[in-house]
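> One point on numbering: in the numbering used here, the residue at position 415 of the sequence shown is 714, and numbering is uninterrupted.
Hints listed in this document are in silico derivations from the structure and should not be mistaken for laboratory results.
Treat the hints with care, since some could be wrong.
Below, computed lysine-lysine pairings styled on DSBU-like, alpha-carbon distance capped at 35 Å [as the list claims (entries may be wrong)]: (1) K667 to K530; (2) K605 to K581; (3) K848 to K764.
So the derived label-pair ranges between C-beta atoms look like this [what the hints assert, rightly or not]: (4) V481 to E825: 26 to 32 Å; (5) E734 to H498: 42 to 48 Å; (6) S850 to P337: 16 to 22 Å.
Even glycine gets a Cβ: it sits at the ideal position worked out from N, Cα and C.
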Amino acid sequence: MKEKLPGMETAEPLTSIEEYIFEPIKGYPMLNWKGKRPFRSTQYFPAQLKENHGEPVKGWMNEIYWGDNLQVMSHLLKKYRRKVQLIYIDPPFDSKAEYKKKISLKGKIIENDHSAFEEKQYSDIWTNDEYLQFMYERIILMKELLADEGSIYVHTDYRKAHHIQCILDEIFGENKIQNEIVWCYRGMAVSTSHYVRRHDNILFYAKTRNNIFNWIDIAEEFTETTKEKYKHFDENGRRFRLHGRNITGSPIQNITDCDIKWLKSNPELVRVDYLDEKEGVKPRDWIVEDYINIWSSERVNYPTQKPEFLLERIIKASSNPGDLVFDCFMGSGTTQAVAMKLGRRFIGADINLGAIQITTKRLINIAKELNERQNEGQQMSLGEEEKKIDTYYTGFSVYNVNNYDIFRNPVEAKELLIEALEIQPLPGNTVYDGEKDGRMVKIMPVNRIATRADLNDLITNFDYKAFEKQEAKNPGKPVESLLLVCMGHEPDLKAVLQSQVKFKLDIEIVDILRDRSELQFKRDSEAEVKISKGKLEIKKFYPMNLLHKLSIARGKVDDWRELAESVMIDWNYDGSVFEPAVVDVPGKNDLVQGKYDVPEDAGTIRVKITDLLSESLEVEVSNG
Numbered sequence: 300m301k302e303k304l305p306g307m308e309t310a311e312p313l314t315s316i317e318e319y320i321f322e323p324i325k326g327y328p329m330l331n332w333k334g335k336r337p338f339r340s341t342q343y344f345p346a347q348l349k350e351n352h353g354e355p356v357k358g359w360m361n362e363i364y365w366g367d368n369l370q371v372m373s374h375l376l377k378k379y380r381r382k383v384q385l386i387y388i389d390p391p392f393d394s395k396a397e398y399k400k401k402i403s404l405k406g407k408i409i410e411n412d413h414s415a416f417e418e419k420q421y422s423d424i425w426t427n428d429e430y431l432q433f434m435y436e437r438i439i440l441m442k443e444l445l446a447d448e449g450s451i452y453v454h455t456d457y458r459k460a461h462h463i464q465c466i467l468d469e470i471f472g473e474n475k476i477q478n479e480i481v482w483c484y485r486g487m488a489v490s491t492s493h494y495v496r497r498h499d500n501i502l503f504y505a506k507t508r509n510n511i512f513n514w515i516d517i518a519e520e521f522t523e524t525t526k527e528k529y530k531h532f533d534e535n536g537r538r539f540r541l542h543g544r545n546i547t548g549s550p551i552q553n554i555t556d557c558d559i560k561w562l563k564s565n566p567e568l569v570r571v572d573y574l575d576e577k578e579g580v581k582p583r584d585w586i587v588e589d590y591i592n593i594w595s596s597e598r599v600n601y602p603t604q605k606p607e608f609l610l611e612r613i614i615k616a617s618s619n620p621g622d623l624v625f626d627c628f629m630g631s632g633t634t635q636a637v638a639m640k641l642g643r644r645f646i647g648a649d650i651n652l653g654a655i656q657i658t659t660k661r662l663i664n665i666a667k668e669l670n671e672r673q674n675e676g677q678q679m680s681l682g683e684e685e686k687k688i689d690t691y692y693t694g695f696s697v698y699n700v701n702n703y704d705i706f707r708n709p710v711e712a713k714e715l716l717i718e719a720l721e722i723q724p725l726p727g728n729t730v731y732d733g734e735k736d737g738r739m740v741k742i743m744p745v746n747r748i749a750t751r752a753d754l755n756d757l758i759t760n761f762d763y764k765a766f767e768k769q770e771a772k773n774p775g776k777p778v779e780s781l782l783l784v785c786m787g788h789e790p791d792l793k794a795v796l797q798s799q800v801k802f803k804l805d806i807e808i809v810d811i812l813r814d815r816s817e818l819q820f821k822r823d824s825e826a827e828v829k830i831s832k833g834k835l836e837i838k839k840f841y842p843m844n845l846l847h848k849l850s851i852a853r854g855k856v857d858d859w860r861e862l863a864e865s866v867m868i869d870w871n872y873d874g875s876v877f878e879p880a881v882v883d884v885p886g887k888n889d890l891v892q893g894k895y896d897v898p899e900d901a902g903t904i905r906v907k908i909t910d911l912l913s914e915s916l917e918v919e920v921s922n923g
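My request is simple: use the sequences and hints to build the entire structure.
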């Protein structure tokens, strides 16, 4: 009989996402913003399984998704509605910043003045109130995924904490907030106009009053003052103090070693109080702990990476071993890493392919260490007071949801399209991205199919007063000529846009996948892979995008391994799902091996080489 994991009994899977209507939002007060739209239902988006790492544990494989988290959650609803015990998210803060990752050559044998550069990872710049609508729709979906005993933690800061709290009040109900947790940290900062900003806000909400909260698991250490009261130690090193009375019956104020001997010989007069039997100090709603330092082995060089201690505290408090943890703004994968170490199952998602690659590498290393420790009968403990963990869920799968590997980095996508299509950019315009041949250009989502819902922002922000003037001036003629640029789209997109606007529009759609397939948005990588005398050897590897950004010519590459982040090999590729048996993921400054023993039972061999930009080249090699 198949074991039923925690949370599996809470709700039956949905047969149709489109027919399911979310519960009406009943919480108050409500936050209003320009273009606020109700979000009552969504559509199902299929997922494509791309990779498997490790084996299922008790029938479970953790899941990592590359795609827009709105569509990922719409996909997950069909199977996981009301089955997630804990959601933690570290979403954009609307910080008006573009976050970059420093890319450096490994080893640096290659002689070049540009051995390092910074690459945009994601942008946290929003216009109008699109940020609030963005978060509103996603939090509604998160509530649908949460189990009745589930909790959600939203990590934010002073910029949007007040807005996010209003949205959470509206969706969950203002009586569902459990805490606003303040995380204080040190850092270099100088300000002459305000107090130095050195804390983040984490909003903690429960779906019902029956939420999981294991406060004992995160109880704080006793103060030195308390420890001084327990100044005696027994033969096992346990701290204790004695409560006793002397022969007259008066309490002993200052117990000495002589008193201890006398009291122990008169057990009816003594009570032994052990420090480790006390429950501990209940955790407070503020934390003082620094960010990850630059020398930490935990650091993966990802902007906005959060430290493991923070996620350890949250996951221990609001979930139990075997529970399901979800983070759809995954970033460097800290939530998933800590969940794996603490014996929780997990699902993660991110729109940035670099985040997917970094998380995959990180989880592979943790799974390897966990499996080695389990084989030796050891625990992988993050804390001294940790509950015993019997099962670690180390296997995971990687999926795509409605995502195309044309733009690896969505931050650069608009810039590339504007240049490739010769669009005249309009800096500062909150409605359009540019102008081309007399048409106002709107670039739709660049890493998925454009849907009717993607038109809402455009419809909301049209200048209708200008439309009225244009119509009065030229009755019966279009008030605006539009060019929508998209990566595939629903067939009725043009008709839907026209039906939602009472003014006549001249609409043209450019589908990059269909109409301009000759456009090259990234340079293909090249590799030479050979099999000889029972060994597979990667002789050459030229990641063209990376070489271009480093201004390195192919002829200057003496050791291609300086450009590689990892090598993975599936010795028996089935033509669909990549399941690597060789996982060569070296440390920060180490190089991949580049030469591997071929097993005797090898069939169709597929090699995946990932460069420092997190771009991957997959090639098949004939064996014999």
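> Hint by hint, note whether the structure agrees.
A quick look at each hint next to the structure:
1. The hinted pair formed by K667 and K530 fails the criterion: a straight-line CA distance of about 43 Å is larger than 35 Å.
2. Only pairs whose Cα atoms come within 35 Å are accepted, and K605 paired with K581 is accepted, the gap being roughly 24 Å.
3. Our distance criterion of 35 Å between C-alpha atoms is broken by K848 and K764, whose separation comes to about 46 Å.
4. Distance hint check: the CB atoms of V481 and E825 are about 51 Å apart, inconsistent with the given range 26 to 32 Å.
5. For E734 and H498, the Cβ-Cβ distance of about 44 Å falls inside the hinted range of 42 to 48 Å, so the restraint holds.
6. Between S850 and P337 the CB atoms are about 51 Å apart, so this pair departs from the stated range of 16 to 22 Å.
Going through the hint list in order, the structure does not satisfy hints 1, 3, 4, 6.
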